[in-house]
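Number of protein chains: 2
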Amino acid sequence: MPSPSAKDSTTKITLIGTGTIGLSFAAFHLTHLASPSQLTIYDTRPDVAEYVQSQLPKFFASPDQNQNHDQDTNTPPLPNFSAITIATSLPSAVQSATIIQESGPENLSFKTSLWAQVERHAPSTALLWSSTSGIPASQQSSSMASPSRLLVVHPYNPPHIMPLLELVPSPDTSPEAIQATMEFWERRGRVPIHIKKETTGFVANRLAFALLREAVHLVQQGVVGVQELDRIVQTSMGPRWAVAGPFKSYHAGGGPAGLEGFFGNIGGTVQKCWEDLGTPSVGDGWEEGVFREAREAYGVVDVGERDRITRRLLQVLEEERGAGGKEE
Amino acid sequence: MPSPSAKDSTTKITLIGTGTIGLSFAAFHLTHLASPSQLTIYDTRPDVAEYVQSQLPKFFASPDQNQNHDQDTNTPPLPNFSAITIATSLPSAVQSATIIQESGPENLSFKTSLWAQVERHAPSTALLWSSTSGIPASQQSSSMASPSRLLVVHPYNPPHIMPLLELVPSPDTSPEAIQATMEFWERRGRVPIHIKKETTGFVANRLAFALLREAVHLVQQGVVGVQELDRIVQTSMGPRWAVAGPFKSYHAGGGPAGLEGFFGNIGGTVQKCWEDLGTPSVGDGWEEGVFREAREAYGVVDVGERDRITRRLLQVLEEERGAGGKEE
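Quick mapping for you: the protein sequence lines, in order, are chains X and B. Take the first sequence: its position 106, counting from 1, is numbered 106 in my numbering, and each next residue is one higher. Count along the second sequence from 1, add 1000, and you get the number used in my numbering.
In case anyone wonders, no lab produced these hints; they're calculated from the structure. The reader is advised that the hints may include incorrect statements.
[Unchecked claim] Label-pair ranges, simulated between beta-carbon atoms:
#: 1; chain 1: X; residue 1: E186; chain 2: B; residue 2: Q1271; range: 26 to 36 Å
#: 2; chain 1: X; residue 1: D302; chain 2: B; residue 2: V1048; range: 49 to 59 Å
#: 3; chain 1: B; residue 1: K1197; chain 2: X; residue 2: G255; range: 29 to 39 Å
#: 4; chain 1: B; residue 1: D1302; chain 2: X; residue 2: D302; range: 28 to 38 Å
#: 5; chain 1: B; residue 1: D1302; chain 2: X; residue 2: L108; range: 42 to 52 Å
#: 6; chain 1: B; residue 1: G1261; chain 2: X; residue 2: S82; range: 29 to 39 Å
[What the hints assert, rightly or not] A few chain X residues facing chain B, derived, Cβ under 8 Å:
#: 7; residue: K196
#: 8; residue: G201
#: 9; residue: S236
#: 10; residue: R306
[As the list claims (entries may be wrong)] In silico lysine-lysine, DSS-like type, Cα no more than 30 Å apart, as pairs:
#: 11; chain 1: B; residue 1: K1012; chain 2: B; residue 2: K1196
#: 12; chain 1: B; residue 1: K1272; chain 2: X; residue 2: K272
#: 13; chain 1: X; residue 1: K58; chain 2: X; residue 2: K12
#: 14; chain 1: B; residue 1: K1272; chain 2: X; residue 2: K196
#: 15; chain 1: X; residue 1: K12; chain 2: X; residue 2: K196
#: 16; chain 1: X; residue 1: K197; chain 2: B; residue 2: K1272
#: 17; chain 1: X; residue 1: K272; chain 2: B; residue 2: K1196
#: 18; chain 1: B; residue 1: K1012; chain 2: B; residue 2: K1058
#: 19; chain 1: B; residue 1: K1197; chain 2: X; residue 2: K272
#: 20; chain 1: X; residue 1: K197; chain 2: X; residue 2: K12
#: 21; chain 1: B; residue 1: K1012; chain 2: B; residue 2: K1197
No experiment lies behind these values; they were computed from the predicted model shown. Idealized CB from N, CA, C, for every residue including glycine.
Pulled out of the complex, with its shape left as it was, chain X reads as follows:
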């Protein structure tokens, strides 16, 4: 079998699914393709062409926004949407693709059936990516003849802004497919991380949900309110971890002795906290109060504002990392 290839000169991306994640990936690819004519979108909804035309512009800066914040943000301007091909059938959508990326429903039978069909119609070298946040590639590929090109490429929402991609292969995914996928994202200035085992929830969500669980516990116990807890994170570990992740931070905190010094100094406090962590479950009854506090504090969040500020931070971090690793 020929090896999978994702060289930019021949990249033809087909996106399946036009939910929030699918459209956000479309926005990303549109601004990072060498030739925009190579983006194809497929969805079973009957009005897909009109839907994409009306929704996709929301992922780009309007002329007004650019005027207000021209030196602050790197929100890309509206690209030429005529470059997108809307496919009318799955076979025609995938027949000449080099990359097929699905962001469809989180439903195992949908995904197994999709990949079996894709496999029959797509070139044998195409890379197959799933945006799933929870269904491992090893389950999705159960009806495929050759599962070696399928892997999870899990974004951190929204993918047109956030740099992280978790690459989670199944035990059947070939090293070449993993490598080609890594290179694709690295060439575009993104941060693909190879997750070595198909763990429940992968890595980013597990870490975030571990903190969220303790956050729920502390609010439930009346130690702080929802908005106070958010402000604590926003003014401490949020900015800290944007610069240096938890291990690096505590390694620095230990001085010349590093992480070992850190645990030597306050390992006792860490262990006391670990033993005292709360273990609420979904459905325990904490929901009503926490949901209400969040509604009262935030109403409906202005996601555009959040994304604009996030872009400014990411721009600073990217400048600091230097010019390396960017798209050619």
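With the hints as your guide, set chain B onto chain X.
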């Protein structure tokens, strides 16, 4: 009893302890005092004057650094150190102070004995603050006649840069002392958060250590390496949570239905992750491998570089919050 007062016109701060936290607070106060002549430092080490003179400048930008990054950072320039008074005895250090802030050893008997002495010599209206990360005010005040002015003011290291202060009163702390402490920090553009109960590790460390525990688990299980885990956090929840804390982020993630919508959509995945979280303990044997990986990845971390980038992020976030809440 007269109420505690922290009005800027009369603020006279005495710092006890010249470790990393004490000096970092000194650097903060020096750049935020209306009149720098009101900062007094006390430590039992015999060479305290020379020590402060040699170490404190490290918390400020050298002329070189300012030249290289003049428009990027807001690292304050060297202030006039002659404004600091070095006290030679505890009674003389505290006798006219309006705020007494201790950053001494994390040792209960040291702190109980210190506050009993301070109480005998300080004005009866002085606010009494401890930087402890683990010893509650209710324990520290056990030998005091009147514990109503003592509370924990726990910084996120280093306090001359990070905005968060956790204010953790004991049940005996007066509402007036809490209020005056809140106002002191708010006037200086910082983010004081009132923690309602004396919980083990307070709030920020509990949240961070909850995530750290799962991080240790995932590395121990071979799912990712130390450096990969850090990169995941740096490119996802770090920048996200710098802009919007976990509740606000997931409230936004649920669309118009908010946090309730979020748990409606993926509460099942959250619960699966919660049930699958690891529970390593300090001393379990994971340390050697994790410490070695951290050493190999990072060597000795350049904290100056980390702080410089952190300042840039915080500057963006402060701009976005608008001009409100800043020091007069």
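Requested in this report: May I ask which of the numbered hints given earlier this structure violates, with the numbers listed in increasing order?
Outcome: none
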